[in-house]
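Put together the whole structure using the sequences plus the hints.
Going line by line, the protein sequences match chains W and Z.
Heads up: the first sequence at position 465 corresponds to 465 in my numbering, and the numbers run straight through without jumps.
Heads up: the second sequence at position 317 corresponds to 317 in my numbering, and the numbers run straight through without jumps.
There are no misleading hints in this set.
Note that the list lumps identical chains together, so a pair holds whenever it fits in one copy or between two copies.
Capping the alpha-carbon separation at 30 Å, the derived lysine-lysine pairs in BS3-like fashion look like this:
no., residue 1, residue 2
1, Lys469, Lys576
2, Lys20, Lys483
3, Lys176, Lys145
4, Lys45, Lys78
5, Lys576, Lys483
6, Lys540, Lys483
7, Lys20, Lys370
8, Lys469, Lys540
9, Lys372, Lys20
Note that these hints are calculated values from the structure, not bench results.
Number of protein chains: 2
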Amino acid sequence: MYDASENDLRFAIQHGLDAKMREMVASVYDLSDDTVDAVLSEAAKFSRDVLAPLNHSGDIEGCTWHPDNRVTTPKGFKEAFQQMAEAGWCSMEASEEYGGQAMSKILSAATAEMWHSANLAFSLCHLLSQGQIHALETFGSDDQKQTYLPKLVDGTWTGTMNLTEPHAGTDLGALKSSATRDGDNYRIKGQKIFITYGDHDMAENIVHLVLARVDGAPAGIKGISLFIVPKFMVNADGSLGAQNDVKCVSIEHKLGINGSPTSILQFGENEGAVGYLVGEENQGLQIMFAMMNDARFGVGVQGLSIANRAFHQAKSYAAERVQGIPMERELGDTIQHHPDVMRLLSGMRAEIEAMRGIMVYSAAANDLAKNKAGDSAFWASRSELMIPILKGWLTERSVSIASDGVQVHGGMGFIEETGAAQHYRDARILPIYEGTTAIQANDLIYRKTLRDQGVAVRALVADVSETAKTLSTSDDTISTAAKALVNAAQAADGAIGAILTGGMSMRESGAVSVPLMMMLGTLCGGWMTLKSAQAAQEQKDSGNWDQTFLDAKIAYAHVFATQSLPQVDRYAQTIKAGGTAVEAVSPEMLWA
Amino acid sequence: MYDASENDLRFAIQHGLDAKMREMVASVYDLSDDTVDAVLSEAAKFSRDVLAPLNHSGDIEGCTWHPDNRVTTPKGFKEAFQQMAEAGWCSMEASEEYGGQAMSKILSAATAEMWHSANLAFSLCHLLSQGQIHALETFGSDDQKQTYLPKLVDGTWTGTMNLTEPHAGTDLGALKSSATRDGDNYRIKGQKIFITYGDHDMAENIVHLVLARVDGAPAGIKGISLFIVPKFMVNADGSLGAQNDVKCVSIEHKLGINGSPTSILQFGENEGAVGYLVGEENQGLQIMFAMMNDARFGVGVQGLSIANRAFHQAKSYAAERVQGIPMERELGDTIQHHPDVMRLLSGMRAEIEAMRGIMVYSAAANDLAKNKAGDSAFWASRSELMIPILKGWLTERSVSIASDGVQVHGGMGFIEETGAAQHYRDARILPIYEGTTAIQANDLIYRKTLRDQGVAVRALVADVSETAKTLSTSDDTISTAAKALVNAAQAADGAIGAILTGGMSMRESGAVSVPLMMMLGTLCGGWMTLKSAQAAQEQKDSGNWDQTFLDAKIAYAHVFATQSLPQVDRYAQTIKAGGTAVEAVSPEMLWA
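Now the structure itself:
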């Protein structure tokens with residue numbers, strides 16, 4: 001069962017942000033009720049009617065690689081992508097100059113949640129294209145923008161990111177693909193692996209962004225440049241010419257997201273693929289990182305999406321399946337009435353609520369950072385701080401939530417036809433691609449905690465604490481959850497203190513970096529569910545929302561406070577103990 | 001890469017138990033160094049040479065259902081099973097009267113760990129047969145014992161458990177299969193689903209133990225009887241006769257354990273399958289539960305096994321893969337030198353150490369309960385208390401550990417050829433079959449905590465606490481881990497107090513039952529890793545063990561104490577908050 005969670009998104013967008021923050025975003029972007037309603041209801045319709053029905057069939061059929069180096073996607077994908085493009089869903093974020101709608105990231109994130117929830121494998125193509133649009137808007141030449149952006153924005157073409165090589169994944173500095181100057185342009189040679197939608201049949205052309213090393217460039221990450229390598233050459237009039245010297249030599253057999261082709265691309269088997277330099281030589285990594293932040297945000301959203309899909313699947317099953325008489329309930333009552341099934345379902349739901357809050361908040365921070373509506377330096381810092389938390393925590397939790405979704409189904413969850421297992425398989429890529437959990441945690445602890453001596457991260461914890469303290473003194477129904485959050489914020493602050501001044505070595509810090517990331521994710525989750533509960537209380541007399549819907553928001557805050565928030569203390573204990581115990585284990589011990 | 005962890009098992013068996021407990025077991029069973037060494041080294045050889053090589057190929061090929069209702073297992077399975085039988089591995093636990101070796105459960109559990117780690121799908125057949133042997137030894141008539149046990153014990157035949165029907169899984173009271181008296185015997189009709197190795201080609205005959213309802217029996221669980229239904233009828237001289245009226249009408253397409261057939265069996269499509277009553281009419285559930293405790297122990301061991309397999313796979317990859325220069329290390333150093341990779345690997349390893357300790361301890365308790373070597377009533381109670389903890393905690397953690405195993409591989413983990421993904425898929429069934437996690441937790445909280453007002457469970461926590469306190473006052477290297485365990489035991493005791501006297505409703509108790517189970521599992525894990533570290537210290541001057549091996553045991557205790565043990569506090573917080581927040585969520589809220 002698919003549910004776009006349109007009302008939950010609407011509530012999070014309209015009431016999840018502090019009034020002041022919302023006002024700042026609304027001063028730059030259209031966040032009127034009419035616009036939000038129109039976008040969400042149309043997107044919900046599209047994701048429900050077009051994308052969701054292809055999710056399970058796409059997984060079963062998978063993609064097909066043909067000996068003439070073509071890849072075909074599962075039945076229905078091509079038509080769905082054309083519909084998506086025609087409906088204008090590829091153009092939400094891009095600037096108007098290139099056919100875009102220049103909408104708030106809050107709205108594009110909300111629709112992305114729906115796309116990925118409906119069909120994760122399908123929507124990956126869109127995610128990559130959006131990242132490419134963002135990169136070219138920021139770093140492309142005028143000519144490049146004119147040539148590529150309109151077609152990417154209207155969905156005639158799609159984009160890819162070509163980073164990984166067999167020996168260069170997390171460590172991009174090790175990549176070997178070469179670029180040789182050839183007149184104004186370059187000839188690219190090399191093999192790229194794990195290229196999502198590296199070849200497919202859904203669009204007329206595929207624009208590859210490729211990292212390669214110009215002959216004579218410095219070793220390591222300082223010698224990497226970024227190139228546009230179109231699959232089909234683009235003539236001066238915009239029409240398509242001959243195929244470039246790039247071909248898909250294979251696709252991977254994966255655990256999940258089987259509807260999406262993960263390609264091995266061979267560049268320059270003959271004369272070299274024609275590549276157009278983006279920005280300056282040796283600037284490639286910097287540009288790619290700008291694009292990657294966007295993609296990391298998108299993958300974090302995928303975590304929310306797959307968790308939500310798994311939840312709705314489990315919720316539907318639990319509402320239909322009869323098994324035993326639940327304690328103090330009636331014969332014939334479904335399994336959702338068993339206390340532990342409700343523990344699982346409400347726990348999943350509370351974390352999804354938390355994830356969605358983090359997504360909307362991070363998107364708003366991104367909007368403010370870009371548009372200088374308020375203190376843009378502060379919001380740039382806050383937005384950057386949220387990226388590893390969003391990507392790391394949401395995706396890690398999504399794996400557990402998808403696993404809980406299987407568990408709710410009992411034995412049926414293990415049968416592929418049921419569908420729950422697909423979410424469990426699909427979710428597993430999320431803590432890996434676009435920077436593993438460890439990479440997010442490294443970014444968080446070294447670049448965003450230690451470098452500024454904790455200023456940004458402590459400011460975040462202080463904001464959480466302030467909300468929690470304010471709400472804890474009221475004697476209404478949310479004060480117990482608020483008090484739990486006050487304590488959690490204090491524990492988190494203590495753990496951060498241990499990192500900053502506890503005398504940990506740099507390696508020991510690395511060993512507690514994931515616990516730090518998970519701790520902050522949980523803390524922010526507590527913050528968001530509490531804010532949502534507060535908003536629900538304020539809306540009680542508005543007449544705009546169903547009372548059960550509002551009661552649920554409050555209930556989820558309590559579920560989060562009692563089921564998830566204790567994780568903050570747990571991670572804080574691990575952090576305070578330091579990485580000493582981990583560092584004391586040598587590889588030899590593992591083999592002894 | 002497969003590693004039978006033979007030395008770790010030897011150490012756990014020889015030094016993991018308190019001297020007094022070990023002495024009691026050794027007074028009944030042969031636990032001499034020679035016997036232990038011989039069994040472990042032969043089993044390691046067999047699992048490494050015969051079973052492990054068929055694990056990945058079995059997953060890829062899967063089982064095949066043929067239109068004439070036969071099932072064939074993957075290439076090599078049949079021959080491997082014959083070798084297993086010939087080597088005497090099917091007869092370890094059975095009594096000598098029927099050709100068994102009447103060994104300690106400690107040894108059969110240790111070899112089971114190896115079988116399941118080498119090939120989970122294959123070894124499931126063995127697990128079910130062992131449960132059947134146990135049930136027939138205890139409840140079968142003399143004639144039934146003579147007819148079936150020798151062939152099951154020598155591996156000529158295999159056994160199955162037939163419980164589940166489409167509408168009766170966890171709730172066996174709902175089952176509808178019927179048994180009609182026919183002379184001395186019965187005619188069985190009905191459909192059973194999820195029957196592991198319900199049909200296959202590895203043995204001459206398959207003995208089904210089937211739950212069914214004798215015509216006129218009381219409704220619900222009180223009207224269930226247990227029957228032996230052989231696939232092929234057994235003549236008076238022991239030779240095989242015609243096929244019984246039972247056939248395999250389909251097998252399931254599953255997420256994992258694809259090498260094992262999960263069958264739908266149709267009994268009595270014609271004249272009714274001939275069934276022989278085991279015990280008395282309407283005693284079926286009671287007998288099945290005796291068998292199920294055995295199977296639950298076995299599935300708990302499977303949790304350890306798959307976790308260990310995932311660990312060795314990840315460890316091997318991490319020792320070969322070069323990616324980036326690990327902080328403060330050299331160019332070319334492998335990823336095992338990255339702090340977070342070591343956090344994952346050492347964390348996996350420490351929990352495996354904990355699991356193995358729990359397995360050996362529980363097996364010893366089982367031995368003592370059965371053989372009246374010491375206070376058998378106490379050991380029966382302790383043994384029964386350990387079953388839900390062993391089954392629940394080990395299998396839940398195995399899913400996370402298999403997931404961590406994928407994570408260590410980065411992108412390669414998501415590619416099926418690598419093998420890590422198979423463990424992640426295979427592990428997912430473990431918290432589901434033989435009683436879901438919720439069923440284990442219900443058993444723990446209602447039958448084994450509330451019923452005796454916490455006597456058994458508090459005695460366990462007191463034992464943990466006593467070990468921890470004793471070791472915390474020394475000023476050697478393990479006292480910090482011991483102190484953490486003292487605090488954890490105290491937190492656990494407080495949480496148990498909240499369950500016993502905190503005024504929780506019965507439904508609220510249900511909502512905190514899984515946290516209770518996970519809390520006690522973690523606590524016992526801390527106990528076992530600490531005891532292992534203590535033994536390692538004592539062995540330092542013995543000359544019997546490699547120093548790095550002993551250092552590793554001590555190091556894992558610290559890793560467990562800092563990475564896993566903080567979970568005790570976390571679960572205690574959730575328990576103390578009670579199930580109120582979960583109970584406040586109504587199904588309507590989930591749909592609002």
